[in-house]
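**Student:** When you get a sec, could you build the whole thing from the sequences and use the hints?
As they're listed, the protein sequences go chains A and B. Heads up, the first sequence is in my numbering, so the first residue is 17 and it goes up one at a time. Heads up, the second sequence is in my numbering, so the first residue is 17 and it goes up one at a time.
Just so you know, not all the hints are guaranteed correct.
Listed next, the in silico DSS-like pairs over lysine-lysine satisfying Cα-Cα at most 27 Å (straight line) [as the list claims (entries may be wrong)]:
1) Lys213(B) to Lys29(B)
2) Lys228(A) to Lys242(A)
3) Lys241(A) to Lys213(A)
4) Lys29(B) to Lys197(A)
5) Lys213(B) to Lys241(B)
6) Lys251(B) to Lys197(A)
7) Lys213(B) to Lys242(B)
8) Lys29(A) to Lys197(B)
9) Lys158(A) to Lys228(B)
10) Lys213(B) to Lys197(B)
11) Lys197(A) to Lys213(A)
12) Lys241(A) to Lys251(A)
13) Lys241(B) to Lys251(B)
14) Lys242(B) to Lys228(B)
15) Lys228(A) to Lys213(A)
16) Lys251(A) to Lys158(A)
17) Lys251(B) to Lys158(B)
18) Lys197(A) to Lys158(B)
19) Lys197(B) to Lys251(A)
20) Lys213(B) to Lys228(B)
21) Lys251(B) to Lys251(A)
I should point out that these hints are in silico values taken from the structure, not numbers from a laboratory.
There are 2 protein chains.
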Amino acid sequence: MNSTYFYRRTIRKYAQRDIDNELLERLLTAGTRASTTGNMQVYSIIVTRDQEMKERLSPAHFNQPMVTEAPVVLTFCADFNRFNLWCRLRDAEPGYDNYLSFMTAAIDALLAAQTICNAAEEEGLGICYLGTATYNADSIIKVLELPRGVVPVATVTLGWPAQVPEQPDRLPLEAVVHYEKYHEFTPELIDSLYREKEARADSRQFIAENNKSTLAQVFTDVRYKKADNEHFSEKFLDVIRRQGFAV
Amino acid sequence: MNSTYFYRRTIRKYAQRDIDNELLERLLTAGTRASTTGNMQVYSIIVTRDQEMKERLSPAHFNQPMVTEAPVVLTFCADFNRFNLWCRLRDAEPGYDNYLSFMTAAIDALLAAQTICNAAEEEGLGICYLGTATYNADSIIKVLELPRGVVPVATVTLGWPAQVPEQPDRLPLEAVVHYEKYHEFTPELIDSLYREKEARADSRQFIAENNKSTLAQVFTDVRYKKADNEHFSEKFLDVIRRQGFAV
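**Tutor:** Below, the structure written as structure tokens:
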């Protein structure tokens, strides 16, 4: 396989250079070849290239500069709207107003998204996923005028890298891969799996900057706090329901 | 980008040839390089190679033959178990027992899954996603001994293709791609987007075999029925809750 998989890094700074239509269309086409449940293709991709639309999307992504600086912003949505319309026009009564159907559609959307990202990186483009798509799905729905049946699940910014940052660390493979059965983690195994990460200069800097005593506390008390997670959980569940999927 | 993206098809019949450990490990490593929220890596991959374990997993996948015939079965899970353990061992109180955290972890898992699939296909391997991972997550949890905090979201069978089936059709790009804003679908547009699909010989055969009058009815009345979707929605939501995420 091509080496891009192993040397990849998330790109947050883009050169002032557009992506031509032909390349973008090839990437989107590659995405539509990804696996989809029952070949229903229950997802959609909203392409944002217009600067004014990027500015309007920006607050939903907490004004992270990638949204206005990348030449292309892609919003991937779970989408039963088109499929339901087709059913109704063909004397068929769709039964997709439920949670399983939302998950099926979200999976379709994410597999297409990641295929486009892998293909884009192979072409030398850089990508960045924005988790804010699920945080502020309601605002995105308004800006992109998404109808009932459509829920954004991921946003990707896409462009030519202006700089190549250091590659982020990853835990040893044993932290995520289990053979045959799930191996529970003893405190000793956790220590050994996280040792290298915790010893990194940037981890220590993170702890110091945030006045914490462990790296884990930077996650629980600063970056991904319980109160925020609960707030955004309610908000996202509410969006899923309002878009027509019972939860 | 490599042509695999455009010529891919799902492979359901595998040659009796194993995948060597070195290749499998490279694929898994490629997967761990995929994007992950905040570099938390809140997912896990359970590798099934043992024939007895495949037999035990098989009923959860409605005994689809790929599970016992493929040399490797991969179960991708949303996983906050390891991360929560690490937090607790580091004087940090995790706040990830909510729906947003489940989605974050499911997205991590799916991006790793699709990266592994793309890399595998580039190596000439064939893959098949099994939607049954969400249908019967409860049985999979039992067989793979997944602890609280871990929810299967996708299963992939992996092996060398024994045959190359016809490539499945896809709707025209316009069915899934929207520029700047979501374009609503008129009945005329739906007709035009589905015309080729509906005219296919296999679509007509599907309709005839199932005694239906439209292709859409094959989906709503036979393949993905409302009652089944509702049943599996309740079951999956119940699993998510039982594994520690409030919904």
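**Student:** Now, for every hint given, state plainly whether the structure supports it.
**Tutor:** Hints and how they fare:
{"no.": "1", "hint": "Lys213(B) to Lys29(B)", "result": "holds (25 Å)"}
{"no.": "2", "hint": "Lys228(A) to Lys242(A)", "result": "holds (17 Å)"}
{"no.": "3", "hint": "Lys241(A) to Lys213(A)", "result": "holds (21 Å)"}
{"no.": "4", "hint": "Lys29(B) to Lys197(A)", "result": "holds (25 Å)"}
{"no.": "5", "hint": "Lys213(B) to Lys241(B)", "result": "holds (21 Å)"}
{"no.": "6", "hint": "Lys251(B) to Lys197(A)", "result": "holds (23 Å)"}
{"no.": "7", "hint": "Lys213(B) to Lys242(B)", "result": "holds (23 Å)"}
{"no.": "8", "hint": "Lys29(A) to Lys197(B)", "result": "holds (25 Å)"}
{"no.": "9", "hint": "Lys158(A) to Lys228(B)", "result": "violated (38 Å)"}
{"no.": "10", "hint": "Lys213(B) to Lys197(B)", "result": "holds (26 Å)"}
{"no.": "11", "hint": "Lys197(A) to Lys213(A)", "result": "holds (26 Å)"}
{"no.": "12", "hint": "Lys241(A) to Lys251(A)", "result": "holds (15 Å)"}
{"no.": "13", "hint": "Lys241(B) to Lys251(B)", "result": "holds (15 Å)"}
{"no.": "14", "hint": "Lys242(B) to Lys228(B)", "result": "holds (17 Å)"}
{"no.": "15", "hint": "Lys228(A) to Lys213(A)", "result": "holds (16 Å)"}
{"no.": "16", "hint": "Lys251(A) to Lys158(A)", "result": "holds (14 Å)"}
{"no.": "17", "hint": "Lys251(B) to Lys158(B)", "result": "holds (14 Å)"}
{"no.": "18", "hint": "Lys197(A) to Lys158(B)", "result": "holds (10 Å)"}
{"no.": "19", "hint": "Lys197(B) to Lys251(A)", "result": "holds (23 Å)"}
{"no.": "20", "hint": "Lys213(B) to Lys228(B)", "result": "holds (16 Å)"}
{"no.": "21", "hint": "Lys251(B) to Lys251(A)", "result": "holds (23 Å)"}
In this structure, only the earlier hint numbered 9 is contradicted, and the remaining ones agree with it.
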